[in-house]
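Engineer: Just so you know, the protein sequences line up as chains A and B, in that order. First residue of the first sequence: 1, per this note's numbering; consecutive thereafter. First residue of the second sequence: 1, per this note's numbering; consecutive thereafter.
Hints were generated in silico from the structure; no laboratory data involved.
A pair holds if it fits inside one copy or across any two, identical chains being indistinguishable in the list.
Distance condition first, Cα-Cα at most 27 angstroms in a straight line; then the derived DSSO-like pairs of lysine-lysine:
| id | residue 1 | residue 2 |
| --- | --- | --- |
| 1 | K315 | K64 |
| 2 | K63 | K339 |
| 3 | K315 | K68 |
| 4 | K68 | K322 |
| 5 | K83 | K38 |
| 6 | K335 | K68 |
| 7 | K105 | K83 |
| 8 | K322 | K64 |
| 9 | K460 | K419 |
| 10 | K129 | K335 |
| 11 | K243 | K170 |
| 12 | K63 | K315 |
Protein chains: 2
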Amino acid sequence: MEKDLAFVKEITSKKNNFSQWYVDVVRKAELADYTTIKGCMVIRPYGYGLWENMQQGLDKRIKKTGHKNAYFPLFIPENLLKKEAEHVEGFAPEVAWVTQGGNQKLDEKMAVRPTSEAIICSLYSKWIKSYRDLPLLINQWANIVRWEKTTRLFLRTTEFLWQEGHTVHKTEEDAQEETLKILFEVYRDYIENDLAIPVVVGKKTVKERFAGALNTYTLEALMSDGKVLQAGTSHNLGQNFAKAFDIKYLDEDQTEKYAWQTSWGTTTRLVGAIVMVHGDDRGLKLPPKVAPVQLVIVPITFDKSKKEVLDKAYKLCIMLGKEFRVEVDARDEYKPGWKFNEWEMRGVPLRLEIGPRDMAKEQVVLVRRDTGEKIIVKEEELAETVNSLLTEIQNNLFNQAKKFLQENIREVSDYSEFKKIIEEKKGLIRTHWCGNRDCEDKVKEETKASIRCIPFEENKIPGKCIYCGKDASTLVYFARAY
Amino acid sequence: MEKDLAFVKEITSKKNNFSQWYVDVVRKAELADYTTIKGCMVIRPYGYGLWENMQQGLDKRIKKTGHKNAYFPLFIPENLLKKEAEHVEGFAPEVAWVTQGGNQKLDEKMAVRPTSEAIICSLYSKWIKSYRDLPLLINQWANIVRWEKTTRLFLRTTEFLWQEGHTVHKTEEDAQEETLKILFEVYRDYIENDLAIPVVVGKKTVKERFAGALNTYTLEALMSDGKVLQAGTSHNLGQNFAKAFDIKYLDEDQTEKYAWQTSWGTTTRLVGAIVMVHGDDRGLKLPPKVAPVQLVIVPITFDKSKKEVLDKAYKLCIMLGKEFRVEVDARDEYKPGWKFNEWEMRGVPLRLEIGPRDMAKEQVVLVRRDTGEKIIVKEEELAETVNSLLTEIQNNLFNQAKKFLQENIREVSDYSEFKKIIEEKKGLIRTHWCGNRDCEDKVKEETKASIRCIPFEENKIPGKCIYCGKDASTLVYFARAY
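Just chain A, same shape as in the assembly (with noise of 0.2 angstroms):
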């Protein structure tokens, strides 16, 4: 028994050291790993089955909405990345850039994209003619680079994943839509649904947005360090990239005009937020909606009866893989304790054990990761028991994280409350913001808590600001954020 709890020890415990717990569990579980690239990762297979399944359940819910998926190029020459004066000014300072061709110099310098509206919004004014062209709703999956001083696995690296999308509409009320559709219908859903994370969503400060956007609105999503992260984004660009990229159509009714932007994204440090919201000491927790494998079959084997019991495994596995994401664990070199910590703590969902005992009844034993129950089930009624299970699961790490969520919700009105709970329990805390840009700022260099966002019901409540004690009319969250 000694060796069944390797894993446990080589996990660092989340209450002694968040931080080091976390980069425990991506490297133990096979996530990622770092590289010799400063700051770029490697997600190996198991934590990019991972974002394949995480994928696909936003790329599903990108088409629905009517949106294409496209690819542009990776390098931003020089001049098209200037063209938006805000865009650059937040950009240039983390840009990689190719200076050098083969053997060439170039003449002009090319930025590895940071994010791409300004190469797409430079064909979008080629493509652009009519007002019969619009909406125009495309989407890209593809790698991103940021020079980051500091940087984490999944949750701040050099290069990384992310979708992007990139909208284009006649109206100013029709970009608004669209960046809100996205916002609720889209990411919202897909985060709560398929990554059982709940968020808070809202609006940026103008400090806080995305740099040449009108409006940035946010989904924040606790971590059960009490941190909270940036889920994703939707911009409403307003006509400030269609003026600097001349985006132009022709109206029904023969006039020429600028048209209305949004763009959107989400990236790998999703992974991260999965593993920071559900992960317990033991390892990770993976929502079976995502889950790279939903069921493992460990077969528990005596040498008299091993053939038996492997083939039952095979069978099990090849009747749930209709359904589910299975795997047989049929290693020989570890014993089946070995191997039930392992499974945990790469978060598998459910664990099923078959051994001859258990053939002799027609019954298998499942083990729950996200409550260690153990539900001993009939053959003929597994697939069916798998099924709401996995279901129960799913909700169950959603309601668990919501209500870590809401508990750590707190209104607060008075400042050292404020810094007293942002020190000591963190979590979110909603109070009143007068709007002014310097009691923002202050407030995050004396708390390093920042405005997450600005609530929809951002007005309907008036009350005092929490750093100048002026009337403010505008509801805010401040949080410490990854």
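Go by the hints and put chain B onto chain A.
Structural biologist: The following block gives chain B in isolation, referenced to the frame of chain A:
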């Protein structure tokens, strides 16, 4: 009717100017477009939809043969790229270099990956310890950059998309088995069955093989202009990279051994192959298995019955949409004849026409893109007929291409005949070669034809070298290539 011919007029005839025909079709069908970034194209939604279906078909086969996807960094530090001598020599001249991150000059410049052996091997050497870790079967879908002088949409672009498999094995035999499994079971099966493109397979000569490989195997496809395109390659890397990157494992016999490796790839140039193999003067002809739209419904509307016909069109779309990829073209601004041409140009395998008279008879008209044949079908038999027609079209495209390939493989033993055929008819020439690099180079110089591959039956039929006339046991295929 004048408008109806618009597309055909805008597309250069294949016979007059094949290259221009190709570019016209790719751009007019909106598969891809040029950008202001030299050698980089944008894959537009219709082209990307095609690529997504291609990816799906190939990814399924890659996974079915036991491989898993992962994601490795975009950047490769210069010192890593230099580790395998032949490899860096082959790729260095076409590398894009990142030399600056943010405002800082980098200490060591980084290659934007021209292929990923170097970065992947550096990680494999860390991950692989025991024979139990083998085989390691990983694939990656990624973007690749090679600094090309002359570029052509899809066929040769500075940036392209691909998949690259990288596997590690215990023995030489295992690596060779994998190399051929990919060649036949994965690539040939995919290219012939999904893309309807017949291929000639074989081994590359030393001159043409992958930089750093022991042996490169290839699939060569004949385009309809008589030139050949390399459709995919599978490399047995031997122990070259294992030795350069120190990839060793502890075997069962407790001794440390260098591992054996393979790598293999196919790219977005296969989109270009689909265009050039199947297309005609009216535009694209897409194989049903990968066509983004398999059937387009064009309602034939008159003012009186417009609503009824449109309703019917959408009902049919919903019904057929359960099994097939279907679209309704309900645009008001174009006449049906114009739409017919447009969808033919875009290569949609089947068109469904429905008007008031068809409705009265409870029938629809189907039109095949490949043959132009019109088929009147009763509504109750529609789904079944569509299904069998799509299968027929898929087979017909393959059979046509297969016939063309067979007609254009010529056995030649006389060099002046060789030159005449290469100049006038092109196609593949099956002949003998002494194995001497000089002869290979001279033929290339004098005829622009290169050795595409050495077929698997290479040694069975002795003959004389096509160039020097000496005894030659090696059978080869020569052709002009893209």
